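Trainee: Go ahead and model the full structure; you've got the sequences and the hints to work with.
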Amino acid sequence: MEFSNSVLGCYISKPINIRQFKTENAYKVDQIKMSKINDRTVFEKLKSINPNADLTHLPDDINKWETELQKYNFQEVFDSPDALCARYVFPIYDTTSNNLQSLKIMKSDFYQIKKTKLYTPLPSFTPRGYIIPGETLLITISIYYPFHWTKHQFPDEAILPRCKKTIQFYDEQTLQDLKQGFKCENEESEISGDISKNPHKPLEYIVNSDLKHGLFYINNNLYVDTLPDRSTQMYAQTMKKWACDNGRPITNILSMDTKLLDLEICIGQPYVYQHLGRCEHLFIFNEISFAKSNDCLGQSGYPRVISVAKELLKNCIFCSKNVASVVMLNHDERTPVTVNHMCEPCFKSYNYDHLDDKVSNFKAFRCIKWRK
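99 is the number of the first residue of the sequence shown in my numbering; add one for each residue after it.
Quick caveat, the hints were computed from the structure, so don't treat them as lab data. These numbers were taken from a predicted model, which means no experiment stands behind them. Note that CB positions come from ideal geometry on N, CA and C, so glycine has one too. It is possible that part of the hints are untrue.
[Stated by the list, open to error] Keeping only pairs whose Cα atoms sit at most 30 Å apart, straight-line, the calculated DSSO-like set for lysine-lysine is:
hint: 1; residue 1: LYS419; residue 2: LYS456
hint: 2; residue 1: LYS263; residue 2: LYS461
hint: 3; residue 1: LYS263; residue 2: LYS339
hint: 4; residue 1: LYS162; residue 2: LYS143
hint: 5; residue 1: LYS120; residue 2: LYS263
hint: 6; residue 1: LYS390; residue 2: LYS263
hint: 7; residue 1: LYS408; residue 2: LYS281
hint: 8; residue 1: LYS295; residue 2: LYS461
hint: 9; residue 1: LYS390; residue 2: LYS299
hint: 10; residue 1: LYS277; residue 2: LYS162
hint: 11; residue 1: LYS112; residue 2: LYS126
hint: 12; residue 1: LYS339; residue 2: LYS277
hint: 13; residue 1: LYS112; residue 2: LYS299
hint: 14; residue 1: LYS126; residue 2: LYS390
hint: 15; residue 1: LYS277; residue 2: LYS120
hint: 16; residue 1: LYS357; residue 2: LYS412
hint: 17; residue 1: LYS390; residue 2: LYS162
hint: 18; residue 1: LYS281; residue 2: LYS412
[Claimed, not checked] Okay, the calculated beta carbon distance ranges per label pair:
hint: 19; residue 1: ASP343; residue 2: ARG376; range: 14 to 24 Å
hint: 20; residue 1: ALA407; residue 2: ASP159; range: 36 to 46 Å
hint: 21; residue 1: THR324; residue 2: ALA407; range: 30 to 40 Å
Mentor: And the structure:
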């Protein structure tokens with residue numbers, strides 16, 4: 099595996115054609131037949147060999163040995179040398195040149211900890227939806243929370259993108275499947291506006307608006323949704339013209355139905371997914387390796403979530419029990435601060451009389467999953 103020059107203290111691989119990597123490194127794995135011999139059959143065989151043998155404590159010893167085996171990591175037995183992996187690579191914007199680059203940081207500062215797989219019994223083989231060990235690639239991708247970047251930001255004030263979750267795909271899945279993995283909280287954003295005059299106003303979500311399409315930017319290529327009205331193609335052409343005018347030409351505009359196997363990517367390089375108009379996510383191809391016998395071998399089990407970041411939701415400032423669902427903006431002395439996060443019951447009981455009339459001048463907006 100060849101690497102490019104160091105970037106901010108880490109190494110990013112040169113572009114890798116995933117299909118070529120699969121063709122050159124695939125190997126055959128002999129299927130292991132599961133034995134139908136149980137403990138009772140083994141004990142009877144031992145008794146037939148030596149009738150005087152004392153097998154009283156043998157079941158307890160077997161359970162003890164199995165418990166001890168679980169403490170060891172047997173993953174190295176199944177590891178393939180033909181695996182591409184980038185760990186502890188954190189994306190960040192270079193504040194001097196305004197380029198999207200990567201920064202290698204200390205392990206203790208990295209929130210995404212990859213859990214090692216422990217030894218488990220081999221899965222039962224199924225004829226349908228079968229992932230073939232040694233021939234099917236498993237692709238691990240880290241997805242980040244949405245971020246907003248501004249020019250000329252100071253290094254100490256730079257907002258580092260935070261990893262949301264890590265998902266594993268198999269090679270025949272498409273970018274559409276990757277798109278479904280971006281469960282963005284902004285899709286649940288409520289856009290009905292100020293509800294202070296009508297607290298019972300129906301919910302209106304941004305995901306139901308005309309901003310349903312999205313696009314991927316991977317290695318100077320745009321991958322867009324294929325909608326009947328061709329609005330995504332027009333949007334991509336506009337972006338391509340803008341990129342060309344600014345010295346960053348876009349090579350091709352392709353469909354989001356492209357398989358992951360047909361991509362050319364760099365291990366550890368941050369790429370961009372954009373949806374809802376201007377909501378941007380970074381994502382990184384962390385690892386590309388061949389499936390092993392102890393992996394999930396059913397295609398229905400993918401995409402498979404490997405790790406998820408913890409979320410702390412903001413509670414109501416009044417009851418401190420319920421999760422805040424309304425943001426109230428108030429400038430008088432009724433509240434200690436201007437921006438108040440409140441739950442629905444506290445919001446209605448504190449700001450409205452029995453006729454649902456406002457008791458003061460304020461504005462209110464709904465919020466979904468407001469994090470601390």
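Trainee: Would you pick out the hints that fail for this structure and give their numbers low to high?
Mentor: Of the numbered hints given earlier, those the structure breaks are 2, 3, 9, 10, 13 and 16, listed in rising order.
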